[in-house]
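Engineer: Chains A and B are the protein sequences, given in the same order. Using our numbering, the first residue of the first sequence is number 1, and each one after it goes up by one. Using our numbering, the first residue of the second sequence is number 1, and each one after it goes up by one.
Treat each hint with caution, since some may be false.
[To be verified] Here's a subset of chain A near chain B, in silico, CB distances under 10 angstroms, partners left out:
(1) Gln-78
(2) Val-223
(3) Ser-267
(4) Leu-272
[What the hints assert, rightly or not] Now the in silico label distances, taken between C-beta atoms and shown as ranges:
(5) B:Asn-109 to A:Gly-108: 46 to 52 angstroms
(6) A:Phe-227 to B:Ala-15: 20 to 26 angstroms
(7) A:Gly-26 to B:Glu-124: 54 to 60 angstroms
(8) B:Asn-89 to A:Gly-108: 48 to 54 angstroms
(9) B:Asn-23 to A:Leu-132: 46 to 52 angstroms
(10) A:Leu-132 to B:Glu-27: 44 to 50 angstroms
(11) A:Lys-42 to B:Ile-119: 46 to 52 angstroms
(12) B:His-199 to A:Phe-192: 42 to 48 angstroms
(13) A:Leu-132 to B:Ile-117: 56 to 62 angstroms
(14) B:Glu-124 to A:Ile-313: 55 to 61 angstroms
[Stated by the list, open to error] Only pairs whose alpha carbons sit at most 25 angstroms apart, straight line, appear in this in silico BS3-like list of lysine-lysine:
(15) B:Lys-115 to A:Lys-82
(16) B:Lys-20 to A:Lys-136
(17) A:Lys-42 to A:Lys-29
(18) A:Lys-4 to B:Lys-115
(19) A:Lys-2 to B:Lys-116
Bear in mind the hints are in silico, worked out from the structure with no lab data behind them. Even for Gly, the Cβ is constructed at its ideal location relative to N, Cα and C.
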Amino acid sequence: MKNKLIFLIITFLILIFIFFLSLSIGSVKLNFIQIIKTLFNKEKEQIYELIVLNIRLPRIIFSIFIGGLLAMSGAILQSILKNPLADPYITGISSGAALGATFGIIVGANNIFLPAIAGAFLTILFVYKASLVYGKINTGSLLLIGVMTGTFLSSIIMLLSTVFNRDLVKVVFWLMGDLSNIEPIYVNLLVFFSLIIIIFVILFSNDLNIIATGEEEAKTLGVNTEFLKTYYFILSSLIVAICVSLSGIIGFVGLIIPHIIRYFIGSDNRFLLPASFILGGIFLLLSDTLARFLFLPIEIPVGIITGIIGAPIFIILILNRKNV
Amino acid sequence: MNQFIIINDLNFKYAENGFKLENINLELEKGKIISLIGPNGAGKTTIAKILSGIIDNYTGRIFIEGKDLKKLNFKEKARKIAYVPQVFNTIFDFEIKEILLMGRRNNSNGIGFMKKIDIDIVEETMRDFGLYEKKNKKFSTLSGGEKRMVLIARAICQGADFIILDEPVAYLDLHHYVDLINILLKLNKSGKTIFLILHDINMASEISDEIILLNRGKIIKKDIPENIINEDIIKNFYGIKNFIIKNNPVTFRPNVIIMPP
Chain A
1 MKNKLIFLII
11 TFLILIFIFF
21 LSLSIGSVKL
31 NFIQIIKTLF
41 NKEKEQIYEL
51 IVLNIRLPRI
61 IFSIFIGGLL
71 AMSGAILQSI
81 LKNPLADPYI
91 TGISSGAALG
101 ATFGIIVGAN
111 NIFLPAIAGA
121 FLTILFVYKA
131 SLVYGKINTG
141 SLLLIGVMTG
151 TFLSSIIMLL
161 STVFNRDLVK
171 VVFWLMGDLS
181 NIEPIYVNLL
191 VFFSLIIIIF
201 VILFSNDLNI
211 IATGEEEAKT
221 LGVNTEFLKT
231 YYFILSSLIV
241 AICVSLSGII
251 GFVGLIIPHI
261 IRYFIGSDNR
271 FLLPASFILG
281 GIFLLLSDTL
291 ARFLFLPIEI
301 PVGIITGIIG
311 APIFIILILN
321 RKNV
Chain B
1 MNQFIIINDL
11 NFKYAENGFK
21 LENINLELEK
31 GKIISLIGPN
41 GAGKTTIAKI
51 LSGIIDNYTG
61 RIFIEGKDLK
71 KLNFKEKARK
81 IAYVPQVFNT
91 IFDFEIKEIL
101 LMGRRNNSNG
111 IGFMKKIDID
121 IVEETMRDFG
131 LYEKKNKKFS
141 TLSGGEKRMV
151 LIARAICQGA
161 DFIILDEPVA
171 YLDLHHYVDL
181 INILLKLNKS
191 GKTIFLILHD
201 INMASEISDE
211 IILLNRGKII
221 KKDIPENIIN
231 EDIIKNFYGI
241 KNFIIKNNPV
251 TFRPNVIIMP
261 P
């Protein structure tokens with residue numbers, strides 16, 4: 001228990017450190033004192049205020065929350081589906097959002113978020129209904145139907161982007177995940193919804209532990225498993241709908257972060273979930289910082305970086321198999 | 001009233017394969033060791049799953065200490081009846097202490113930060129079962145016998161007076177087998193009602209106050225071991241020929257001894 005708390009505190013401190021580090025790096029270099037002064041409105045240089053508050057801060061907050069939410073929903077789905085390979089995109093919701101976004105791009109909509117979230121919600125409804133066996137969510141069906149729905153929708157995306165090939169590059173870039181086109185209003189909304197979602201996620205975290213050991217056993221121990229499955233399916237779907245609609249499909253965060261944490265502190269969801277949020281935030285912030293500066297002046301989609309860093313880490317973890 | 005559980009006209013059918021339990025009527029007395037035996041596919045585990053609340057779409061009525069099982073919520077059920085499954089595999093690993101704390105879910109909430117009394121109960125149970133020194137060991141690193149002990153300990157943590165064990169001695173070596181029987185007898189002495197699902201007829205005969213014989217979803221007979229373990233029943237329901245029945249020279253309970261063909 002103590003070790004787990006210490007782990008949470010240490011990762012949180014690292015997050016704060018990287019937060020400041022990321023605020024300081026860029027074409028204009030700032031030191032920590034200048035940043036703190038700017039954050040508390042004590043800096044006289046107007047340009048610093050513009051750089052820190054209007055350009056860097058929204059994007060950094062955005063990265064932290066998207067990374068955190070994705071990692072958390074990965075951890076949830078791994079427990080609910082009892083499958084260590086589950087990631088936030090396994091239920092197909094992300095492909096629904098992506099198809100919505102593709103439509104938006106093809107018809108030249110200004111706002112990609114709305115068609116994306118609409119696509120996500122339609123997919124949530126379909127996957128949920130299709131996964132009911134005798135009126136109850138069957139996690140085996142959920143997994144298969146989710147994967148198949150995802151494959152189907154992805155094929156439609158490929159079909160559309162081939163037919164309307166003038167938008168192909170745009171669609172592909174969007175699909176790879178992109179944190180650069182964020183408007184401040186969305187950041188505020190994201191932070192607001194995230195904080196609410198985090199509270200709801202933590203609320204039944206011990207029941208997630210119990211259901212991860214077996215659904216039938218969980219019932220006999222006093223867990224309302226039908227409620228729990230629906231509750232966490234909806235929460236994780238909401239998370240994916242929001243994240244993908246805002247930032248595209250950023251891979252690997254949701255899959256590897258929970259496993260990295262299991263490696264250090266085990267599978268107790270009461271600690272795994274908050275730790276996933278923190279470490280997911282760290283991971284995506286670092287990746288995005290790299291995506292911004294690795295190939296200056298070109299900025300590459302963050303999804304490429306998370307894949308390039310994420311996949312090797314995952315393989316190393318499996319080779320040192322402990323909890324994975 | 002001495003009945004812990006009363007089952008009235010229980011009927012249940014699996015939608016998947018059509019197997020059904022038909023007109024089950026039973027009264028299970030408090031403080032006894034009761035074994036449920038019967039050939040494969042008789043419906044033993046189904047009855048256990050119904051009693052423990054895993055299956056709830058049955059017809060008929062089940063009363064637990066006078067209360068209708070369908071009207072109890074999950075936590076109330078878990079306080080009255082504990083279920084020790086036959087197999088238990090975790091994909092994600094938990095420590096022994098974490099597993100036992102899950103037994104206290106019926107006294108806490110979904111977040112699971114336990115009150116002192118819950119932690120005290122878990123620690124006391126770990127001491128009783130000799131698990132205290134290993135409390136931070138991962139479940140997956142335990143032997144089959146140790147795993148079984150942890151699961152029984154978790155059932156004890158639930159504080160339920162009625163404990164269902166599905167094939168508790170399967171895959172156990174002689175040492176753990178004897179340990180387990182001693183634990184069951186001890187629990188029974190402390191007032192728990194023990195409901196066993198057994199393939200091992202001799203164990204059922206030795207340990208039980210009563211045996212229930214189930215076949216193809218119907219109850220054939222419920223009686224003391226001496227009246228159940230006889231040549232006719234073994235021949236008819238288990239379909240074997242080469243055996244004799246001898247009484248244990250110490251307990252005088254009937255035992256089935258298999259002969260070479």
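Engineer: Quick one, are A:Lys-4 and B:Lys-115 close enough, alpha carbons at most 25 angstroms?
Structural biologist: The given pair, whose Cα atoms are some 19 angstroms apart, holds under the 25 angstroms limit.
Engineer: Identify whether the interface hint at A:Ser-267 stands, where standing means a beta carbon of chain B within less than 10 angstroms of its own.
Structural biologist: Because about 4 angstroms separates A:Ser-267 from the closest Cβ in chain B, which is inside the 10 angstroms limit, the hint holds.
Engineer: Decide if the proposed pair is consistent with the structure: B:Lys-115 and A:Lys-82, CA atoms, cutoff 25 angstroms inclusive.
Structural biologist: 28 angstroms, violated
Engineer: Could you see if the CB distance from A:Leu-132 to B:Glu-27 stays within 44 to 50 angstroms?
Structural biologist: 37 angstroms, violated
Engineer: Does A:Val-223 pass the interface hint, meaning its C-beta sits closer than 10 angstroms to a C-beta of chain B?
Structural biologist: 6 angstroms, holds
Engineer: Verify the CB-CB distance for B:Asn-109 and A:Gly-108 against the hinted window 46 to 52 angstroms.
Structural biologist: Between B:Asn-109 and A:Gly-108, where Cβ atoms are some 50 angstroms apart, the hint holds.
Engineer: Against the range 54 to 60 angstroms, how does the distance between the Cβ atoms of A:Gly-26 and B:Glu-124 compare: consistent or not?
Structural biologist: 59 angstroms, holds
Engineer: Just to be careful: measuring from the Cβ of A:Leu-272 to every Cβ in chain B, is the smallest value less than 10 angstroms?
Structural biologist: This hint holds: A:Leu-272 lies near chain B, its Cβ roughly 9 angstroms from the closest one there, short of 10 angstroms.
Engineer: Does the hinted range 46 to 52 angstroms hold for B:Asn-23 and A:Leu-132 at CB?
Structural biologist: 31 angstroms, violated
Engineer: Regarding A:Lys-42 and B:Ile-119, is the given constraint of 46 to 52 angstroms on their beta-carbon distance met?
Structural biologist: Once the Cβ atoms are compared, 48 angstroms apart, the range 46 to 52 angstroms for B:Ile-119 and A:Lys-42 holds.
Engineer: For the hint 42 to 48 angstroms, verify it against the beta carbon of B:His-199 and that of A:Phe-192.
Structural biologist: 58 angstroms, violated
Engineer: Given the hint that A:Lys-2 pairs with B:Lys-116, does the C-alpha gap stay at or below 25 angstroms?
Structural biologist: 16 angstroms, holds
When held up to the earlier numbered hints, the structure conflicts with 9, 10, 12, 13, 14, 15 and fits the remainder.
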